[in-house]
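*Asks:* If you want the building blocks of each chain, they are given just below.
Number of protein chains: 2
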Amino acid sequence: MAKKTTSKAAASPAAATPKPATAHVKERDIRTQKKILTLAAEIAKRALAGREPTVRIPMRTKTNTIWNKKRGILEMGEGAVERPLFDLKTAKQFMQTMLHASTVKDLIDAGKTSSLRGVFYKAKHTVAGTKENTFDTQDESDPILEDLEVALGALREELHVFAENRGSMVGNITVIDKGDEINCRRMGSGGYAMPSIVEPDIIQFGKCEAKFVLHVEKGTVWNRFNEDRFWEKHNCILTHGAGQPPRGCRRLLQRLNQELKLPIICVLDNDPWGHYIYSVIKQGSISLAFESSRLAIPDAKFLGIRAKDYRECGLDDAVKIDLTDNDIKRAGEIAAYPWFAGHKGWQREIDGLLKNGFKMEVESLITKDISYVTETYVPQRLKAKDWLE
Amino acid sequence: MAKKTTSKAAASPAAATPKPATAHVKERDIRTQKKILTLAAEIAKRALAGREPTVRIPMRTKTNTIWNKKRGILEMGEGAVERPLFDLKTAKQFMQTMLHASTVKDLIDAGKTSSLRGVFYKAKHTVAGTKENTFDTQDESDPILEDLEVALGALREELHVFAENRGSMVGNITVIDKGDEINCRRMGSGGYAMPSIVEPDIIQFGKCEAKFVLHVEKGTVWNRFNEDRFWEKHNCILTHGAGQPPRGCRRLLQRLNQELKLPIICVLDNDPWGHYIYSVIKQGSISLAFESSRLAIPDAKFLGIRAKDYRECGLDDAVKIDLTDNDIKRAGEIAAYPWFAGHKGWQREIDGLLKNGFKMEVESLITKDISYVTETYVPQRLKAKDWLE
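Protein sequences appear in the order of chains A and B.
Under this note's numbering, think of the first position of the first sequence as 20, with each following residue one higher.
Under this note's numbering, think of the first position of the second sequence as 20, with each following residue one higher.
With the rest of the complex left out, here is chain A (with noise of 0.2 angstroms):
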């Protein structure tokens, strides 16, 4: 059967779940709620004067992106759209912004987190009366809900959504996670497997020794560096993100960053890719502009792979892997990305990479040796703190 919106809408929450409501309630999510019910109160009010219902969505577009120099982050600028209820155009999208927010409001009442496709289910059903569904496919439910983060201020982690975990850790710190004592000095092979939601009223640091981080782009480098116990060796915590770092990840690493003042040092390959990655874990992306606050990390440091380890390293012809069309014109728009534009450091890089005519990976230091990237490569490049920043 078919529910209908109005009723979900209005539901108590307490009916969806039979534990009290407020048990789980943190101070995070009180806030959190109240922005849902201010949100919710003003389009009643405005219902109520007989003025037309809408919601003020900030844009989140590259022309409402701005880059901040003195903060080193890209950040979301005033450009906002209204979503008005009674405008063909918008009414469906009006309609799905209240659906999600009835969602979220259900999930902090449990005290639940859901995914992604959670939320996309727990509102996608066929309106009474109509052969209309409220949502077809999760490519329309997820940037509604990212439209409802910027509408409310509040990131997707506090609206209790979470993605895939991705991403592994070990190394000299004790966290806490939901009350649990994770000791990464002793997790194994394996690691601590990230969460997708690591705020501070979940995931707290206890003990620390670590004096940095490194990060590193693939979990099979992780391995390396893991079996070579580099974490204990170097004083550090060893992290992956597997591939394009997720949320949480990022968001642990920034934590890393701000509240335990561990520099976050990255090895990714030597190609436009790897670039990419540096510089959204730096400066933020600009789809998440809004969030960079939360996520990016403007001291994050690029050790390597470097253009000129070809050379410096004396590698074999064997790590070269030829660079595409798509690879040259991928380099030539992240050069001109304005925090690398004005960095002469970042220009020369990737003119040597287009002037190498072929990209490295991490991986292919193997060449030298198995341990030649844990035992050599990069304990030198930190000794003589020779990185990219």
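I should point out that these hints are in silico values taken from the structure, not numbers from a laboratory.
What you are looking at is a predicted structure, and each value in this text was computed from that prediction instead of being measured.
Check the hints yourself; a few may be wrong.
[To be verified] Covered, in the sense of this in silico footprint (three residues per stretch, anywhere, with C-beta under 8 angstroms from a C-beta of chain A), are these stretches of chain B:
#: 1; region: 60-67
#: 2; region: 72-83
#: 3; region: 141-149
#: 4; region: 194-205
#: 5; region: 242-249
#: 6; region: 285-299
[What the hints assert, rightly or not] Label-pair ranges, simulated between beta-carbon atoms:
#: 7; chain 1: B; residue 1: E228; chain 2: A; residue 2: Q277; range: 36 to 42 angstroms
#: 8; chain 1: B; residue 1: Y391; chain 2: A; residue 2: T57; range: 28 to 34 angstroms
#: 9; chain 1: A; residue 1: W86; chain 2: B; residue 2: G198; range: 45 to 51 angstroms
#: 10; chain 1: B; residue 1: Y391; chain 2: A; residue 2: G69; range: 36 to 42 angstroms
#: 11; chain 1: B; residue 1: G225; chain 2: A; residue 2: A99; range: 51 to 57 angstroms
#: 12; chain 1: A; residue 1: E151; chain 2: B; residue 2: T343; range: 19 to 25 angstroms
Just so you know, even glycine gets a beta-carbon here, dropped at the ideal spot from N, CA and C.
We have chain A; now place chain B onto it with these hints.
*Replies:* For chain B alone, kept in the frame of chain A given last:
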């Protein structure tokens, strides 16, 4: 500079690492090392006797895959091909096989492991005095390593080669990973990241109160079960494999099943992909048939999502996702697998999917309630032992 293949193969393993080669060698490694040395000795013997060097490679093809009904697993048949050196069609592959055998010997001597990509780089170089590369892409390298696995009768894990770590675990068990005691009852929201190599000399099982393993398809679903502390309430272990579970995850599930006698109960999507994942967990796959006896779990159970659930659980139309033409084709192929062909329950199940005309994901149960899947659906099915096997 290009390295010579001969000097590389002949190099003392001790030269590759400053540590004494013997220090790390374990029983399993001694066995594998012996197999490599036997292979090398036979080839040298043939060459010195004036006979052509050749390697015998068992065939990893569908025609050489046998369904062992009694054991309930797929097995590799007796078929094999020779790979002689003095044949233009096989000379390069012969050389590649030798190179990988040499790399594996180096890895075992050094007591280290490497990724598939690392092994590729280790062997990739220009053959001295020619413009010919030993390997051009990793696509060439991975199958040669699988050839070596079957030729030596040693698993990839025994060859010290790992894949990307994937999947997480929590629950009523203590795992000892490289000497570190990991209490899976205290792993917070993130969980223990399952490593790629989980052989008994690396991973041992400590105290375990759990009575079964609940294996779910995706990390987002795993989060729901972990957040609701399902493993605590139902005294079990909770795992996911981030989609099609990698070898490390399958091997760990098999060890939990064989050594600790824990039933493996799967909660996967109601679609051909979910059925295929179950099939691989249970019987093994054609491409890895040679290691089914180390990976397959013939008594694994499929708890859901079932085709009947739309009706039985009274689900909303929102959960329906239309079957594509490819889904219908795949469903037919899976129904024809010998282990499903003679199984009335599975024939009915696949028939039900096709008759429904739609598929359903585990996440769609959120349309009933956020925790319907953990508090109602799975507990009811477990109690009624309502599953397919």
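*Asks:* Is the gap between the beta carbons of Y391 of chain B and T57 of chain A within 28 to 34 angstroms?
*Replies:* holds (30 angstroms)
*Asks:* For G225 of chain B and A99 of chain A, compare the CB-CB distance with the range 51 to 57 angstroms and indicate the outcome.
*Replies:* holds (56 angstroms)
*Asks:* Using a Cβ cutoff of 8 angstroms, are there at least 3 residues of the region 242-249 of chain B near chain A, or does the coverage claim fail?
*Replies:* holds (count 4)
*Asks:* Is the coverage entry for the region 141-149 of chain B by chain A consistent with the three-residue Cβ rule at 8 angstroms?
*Replies:* Our answer is that it holds, as 4 residues pass the Cβ test (under 8 angstroms) against chain A, meeting three.
*Asks:* Cut-off 8 angstroms, C-beta pairs, minimum 3 residues; does the coverage of the region 285-299 of chain B by chain A stand?
*Replies:* n = 0 at 8 angstroms, threshold three: violated.
*Asks:* Under a C-beta cut-off of less than 8 angstroms, do 3 or more residues of the region 194-205 of chain B approach chain A closely enough to confirm the stated coverage?
*Replies:* As far as the region 194-205 of chain B goes, the hint holds, because 9 residues have Cβ atoms under 8 angstroms from chain A.
*Asks:* Could you say whether the range 36 to 42 angstroms given as a hint is met by the Cβ separation of Y391 of chain B and G69 of chain A?
*Replies:* holds (40 angstroms)
*Asks:* The region 72-83 of chain B covered by chain A? Criterion: 3 or more residues, Cβ-Cβ distance below 8 angstroms.
*Replies:* Answer violated; 0 residues pass the 8 angstroms Cβ test.
*Asks:* So the hint says 45 to 51 angstroms: do the beta-carbon atoms of W86 of chain A and G198 of chain B match that?
*Replies:* Check passed, 48 angstroms falls within 45 to 51 angstroms.
*Asks:* Does 19 to 25 angstroms hold as the CB distance between E151 of chain A and T343 of chain B, or does it fail?
*Replies:* This hint holds: roughly 23 angstroms between Cβ atoms.
*Asks:* Can you confirm whether chain A covers the region 60-67 of chain B, using C-beta to C-beta distances below 8 angstroms and requiring at least three such residues?
*Replies:* Coverage by chain A is violated here, the residue count being 0 at a Cβ distance below 8 angstroms.
*Asks:* Mind checking the hinted window 36 to 42 angstroms against the Cβ distance between E228 of chain B and Q277 of chain A?
*Replies:* holds (40 angstroms)
Going down the numbered hints, you'll see the structure goes against 1, 2, 6, while the others check out.
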